[in-house]
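Undergrad: Line by line, the protein sequences give chains Y and U.
1 is the number of the first residue of the first sequence in my numbering; add one for each residue after it.
316 is the number of the first residue of the second sequence in my numbering; add one for each residue after it.
It is worth saying that the hints were derived from the structure and are not from the lab.
Mixed in with the good hints, there may be bad ones.
Result set (SDA-like, lysine to any residue): computed pairs, CA atoms no more than 25 angstroms apart in a straight line [what the hints assert, rightly or not]: (1) Lys301/Y x Ile432/U; (2) Lys461/U x Ile157/Y; (3) Lys461/U x Pro220/Y; (4) Lys301/Y x Lys461/U; (5) Lys461/U x Pro276/Y; (6) Lys461/U x Ala561/U; (7) Lys301/Y x Lys143/Y; (8) Lys143/Y x Arg425/U; (9) Lys143/Y x Asn384/U; (10) Lys143/Y x Leu373/U; (11) Lys143/Y x Thr571/U; (12) Lys143/Y x Asp275/Y; (13) Lys301/Y x Leu248/Y; (14) Lys461/U x Asp560/U; (15) Lys301/Y x Thr571/U; (16) Lys143/Y x Leu370/U; (17) Lys301/Y x Ser216/Y; (18) Lys461/U x Arg189/Y; (19) Lys143/Y x Ala508/U; (20) Lys461/U x Lys143/Y; (21) Lys301/Y x Met574/U; (22) Lys143/Y x Thr421/U; (23) Lys143/Y x Leu43/Y; (24) Lys143/Y x Val579/U; (25) Lys143/Y x Arg196/Y; (26) Lys143/Y x Ala371/U; (27) Lys301/Y x Pro115/Y; (28) Lys143/Y x Pro576/U; (29) Lys301/Y x Leu49/Y; (30) Lys301/Y x Arg486/U; (31) Lys143/Y x Ile432/U; (32) Lys143/Y x Val50/Y; (33) Lys461/U x Tyr271/Y; (34) Lys143/Y x Leu410/U.
Negatives, chain Y to chain U, calculated, CB over 10 angstroms [as the list claims (entries may be wrong)]: (35) Phe109; (36) Pro220; (37) Leu269.
Residues from chain U shown here face chain Y by an in silico Cβ test under 8 angstroms; the list is partial [stated by the list, open to error]: (38) Asp340; (39) Gly415; (40) Val527.
Backbone N, C-alpha and C define an ideal beta-carbon position, used for all residues, glycine too.
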Amino acid sequence: MLIREPGAPNWVTRPWYDRLFGATARDLLGRSLLLLFSIVTSLVIVGILVLLLVEALPAFVTLGSGIFGPIWNPNQNQFGIAVFIAGTLWVSSFAILLAVPLGVGGALFLSEYCPSRLRLPLRMIMELMAAIPSIVYGLWALKTLVPALRSAFQPLIGYYSGFGVLAGAIILAVMLLPTIVAVSEDAMRMVPDTLREASYALGASRSETARRVVLSGALPGIGAAVLLSLGRAIGETMAVLMVTGNSLVFPVSIFDQTYVMTSALANQLGYALADPLYRSALFSVALVLLLISVMFTLLAKVTIRWGMRRQGLRR
Amino acid sequence: MKSVNASRKSRSGLRLPRSRREFLDWMTYVSLGFVTVLLTVPFFAIIFDMVVKGLAGLTPTLITESIRNLGREGGIRNAIVGSIELVAIASAVALPVSIGAAVYTTEYSRQGRLQQIVELSADILAGVPSIVFGAFGYVFFVWLLKPWTGGATLLSGALTLSLMMIPTVLRTSQESLRAVPITLREASLAVGATRWSTTWRVTLRACFPAIVTGILLAIARIAGETAPLIWTTGYNSDAPWSIFDAVASLPFTIYTFAMSPDPVVNAKAYSTSIVLILMVLSVDVMANWASRRVGILVRKG
Numbered sequence: 001m002l003i004r005e006p007g008a009p010n011w012v013t014r015p016w017y018d019r020l021f022g023a024t025a026r027d028l029l030g031r032s033l034l035l036l037f038s039i040v041t042s043l044v045i046v047g048i049l050v051l052l053l054v055e056a057l058p059a060f061v062t063l064g065s066g067i068f069g070p071i072w073n074p075n076q077n078q079f080g081i082a083v084f085i086a087g088t089l090w091v092s093s094f095a096i097l098l099a100v101p102l103g104v105g106g107a108l109f110l111s112e113y114c115p116s117r118l119r120l121p122l123r124m125i126m127e128l129m130a131a132i133p134s135i136v137y138g139l140w141a142l143k144t145l146v147p148a149l150r151s152a153f154q155p156l157i158g159y160y161s162g163f164g165v166l167a168g169a170i171i172l173a174v175m176l177l178p179t180i181v182a183v184s185e186d187a188m189r190m191v192p193d194t195l196r197e198a199s200y201a202l203g204a205s206r207s208e209t210a211r212r213v214v215l216s217g218a219l220p221g222i223g224a225a226v227l228l229s230l231g232r233a234i235g236e237t238m239a240v241l242m243v244t245g246n247s248l249v250f251p252v253s254i255f256d257q258t259y260v261m262t263s264a265l266a267n268q269l270g271y272a273l274a275d276p277l278y279r280s281a282l283f284s285v286a287l288v289l290l291l292i293s294v295m296f297t298l299l300a301k302v303t304i305r306w307g308m309r310r311q312g313l314r315r
Numbered sequence: 316m317k318s319v320n321a322s323r324k325s326r327s328g329l330r331l332p333r334s335r336r337e338f339l340d341w342m343t344y345v346s347l348g349f350v351t352v353l354l355t356v357p358f359f360a361i362i363f364d365m366v367v368k369g370l371a372g373l374t375p376t377l378i379t380e381s382i383r384n385l386g387r388e389g390g391i392r393n394a395i396v397g398s399i400e401l402v403a404i405a406s407a408v409a410l411p412v413s414i415g416a417a418v419y420t421t422e423y424s425r426q427g428r429l430q431q432i433v434e435l436s437a438d439i440l441a442g443v444p445s446i447v448f449g450a451f452g453y454v455f456f457v458w459l460l461k462p463w464t465g466g467a468t469l470l471s472g473a474l475t476l477s478l479m480m481i482p483t484v485l486r487t488s489q490e491s492l493r494a495v496p497i498t499l500r501e502a503s504l505a506v507g508a509t510r511w512s513t514t515w516r517v518t519l520r521a522c523f524p525a526i527v528t529g530i531l532l533a534i535a536r537i538a539g540e541t542a543p544l545i546w547t548t549g550y551n552s553d554a555p556w557s558i559f560d561a562v563a564s565l566p567f568t569i570y571t572f573a574m575s576p577d578p579v580v581n582a583k584a585y586s587t588s589i590v591l592i593l594m595v596l597s598v599d600v601m602a603n604w605a606s607r608r609v610g611i612l613v614r615k616g
């Protein structure tokens, strides 16, 4: 309510919407609109889940457990999505194996050792790396990394195209590193300085403090970083699509080509429309992807809560 | 504090180790430093690659002409305009909804069930793979809503992207609204303002730069997304004239250029990448600038 000159008419100072509805009505109207928006935002994920379930249902009904079979051959009505799940598991787990030790090591250096002069530029580079779109990583991997891998390993193992699990895992690890470093460094800096001081006072060296005190104190945060990046690794599409070779075999070594779940969707979705079973099988791939990502998000949330409880106990 | 820092400093440095423990300490320092340097190598390798292979193609015609002859001739004007339009329409849809939801959950609703549901669903949505958004958009916007969206069009693609913006904008807006001191709201309510005017004229105004930061980060994220657009936007060799036209986007254009067997077109993928990176980074720089403005506002009180 605005203060009026005595004698000035109402409409001089009251805004038009006040005159139209009156302040209380406007408050109520705006409030219900905002409530509607809140409900809409929470319905998005429900809508996605329901639609994918409906689309995937025919495949589950027709094929039963055969949907998790190992052979994917749409021309002969064989729709086993296990080959994609195996591909995703191989590529993501190797990416995590590469990225987590390096990322946590980098974070440890940044939070415990790095001179502040160097810290700022290093963090900036990490931020820039996180901002580079995945298609650009894919382009670089396709045109530079894959040929490099080919010329590095061809003399050792015989014919090797460069495409496959290894290339996918490396480029995925590069894309995950900025997140892992940023999240775990934040967790390490949250470890109170008093703990470090106590450790030094007991005569521990700097590396002992970093390993035994900081690393274990930041464990929940690092766990959350790993879980979040696992979720991202499984969902990453373009870069992996361009370098894994997309061949429908179960990978047995890191030099094998493979076909991941996201690539199946990106490559085949548009061609599957005519055949309802084909399309439904692809949507069951999408459903599995969605469920895995939801699971990792929830796990990460639980881990963060665990960490907060741990810190609460400590303080 | 000072003495601790001083003692820490004396432990570091490249003094020759005198015992096994000191040697281990020194080794940890060196190897962690090496790892950190290693982490930055891909960044410089990628930037170097882009500059070496793409700078030559970065001519004025790249931006002023649309694609011709599958990328062998012409530029990428259609993709630049398409990307900007996609992002603009996605923002126009997503921003009111997600900021509105953030305002409702922080300013109106009590701590409770609804707030938890909104936050949890936003967090889950943030972790959903982009290709799943693409699959959803393909079924929902392109096929189920075909009479209204016209199939694979600018509108379908933008709506798919708008779903991806919701969690980022919602969560950052919530955080910035919560950072506004309660005293500001109390002062406004005490002079007789309704909660509505307090929200719009006091609270939102106080945290405006912080919200802008979140918006820009969300824009930078979706501008580089390829996967949701593969099956939802169609393809257009010209800039679209209406929201019911098919549209080309920068990321997808890079993909087609990169997969082309023609080296001339491959080189264009690098030039297009430079354009995309510059666009994304300039949005990021703006976001940084906006977030620094928050600092200034807070310090002034």
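Undergrad: Lys143/Y and Val50/Y were given as a pair; does the straight-line alpha-carbon distance stay at or below 25 angstroms?
TA: violated, 40 angstroms
Undergrad: For the pair supplied as a hint, Lys143/Y and Ala371/U, confirm whether the alpha-carbon distance does not exceed 25 angstroms.
TA: Holds, at about 17 angstroms.
Undergrad: Are Lys461/U and Ile157/Y close enough, with their CA atoms no more than 25 angstroms apart?
TA: Violated, at roughly 52 angstroms.
Undergrad: Could you grab the alpha-carbon distance between Lys301/Y and Thr571/U and see if it respects the 25 angstroms cut-off?
TA: violated, 38 angstroms
Undergrad: Taken at face value, is the distance from the CA of Arg486/U to the CA of Lys301/Y at most 25 angstroms?
TA: Holds, because 15 angstroms separates the two Cα atoms, which is no more than 25 angstroms.
Undergrad: Mind checking the alpha carbons of Lys143/Y and Thr571/U for me, to see if they're no more than 25 angstroms apart?
TA: holds, 14 angstroms
Undergrad: When you check the alpha-carbon spacing of Lys461/U and Lys143/Y, does it fall within 25 angstroms?
TA: Violated, at about 38 angstroms.
Undergrad: Check whether the Cα positions of Lys461/U and Pro276/Y lie no farther apart than 25 angstroms.
TA: holds, 18 angstroms
Undergrad: Taking only the CA atoms, is the gap from Lys301/Y to Pro115/Y under or equal to 25 angstroms?
TA: violated, 32 angstroms
Undergrad: Please work out if Lys143/Y and Asp275/Y have their alpha carbons no farther apart than 25 angstroms.
TA: Given pair Lys143/Y, Asp275/Y is violated - Cα atoms ~35 angstroms apart, limit 25 angstroms.
Undergrad: Take the C-alpha atoms of Lys461/U and Tyr271/Y, compute the straight-line distance between them, and say whether it is at most 25 angstroms.
TA: This hinted pair holds, its Cα atoms lying about 18 angstroms apart.
Undergrad: Has the given pair, Lys143/Y with Arg425/U, been kept, meaning a C-alpha gap of at most 25 angstroms?
TA: violated, 54 angstroms
Going through the hint list in order, the structure does not satisfy hints 2, 3, 4, 7, 8, 12, 13, 15, 18, 19, 20, 21, 22, 23, 25, 27, 31, 32, 34, 35, 37, 40.
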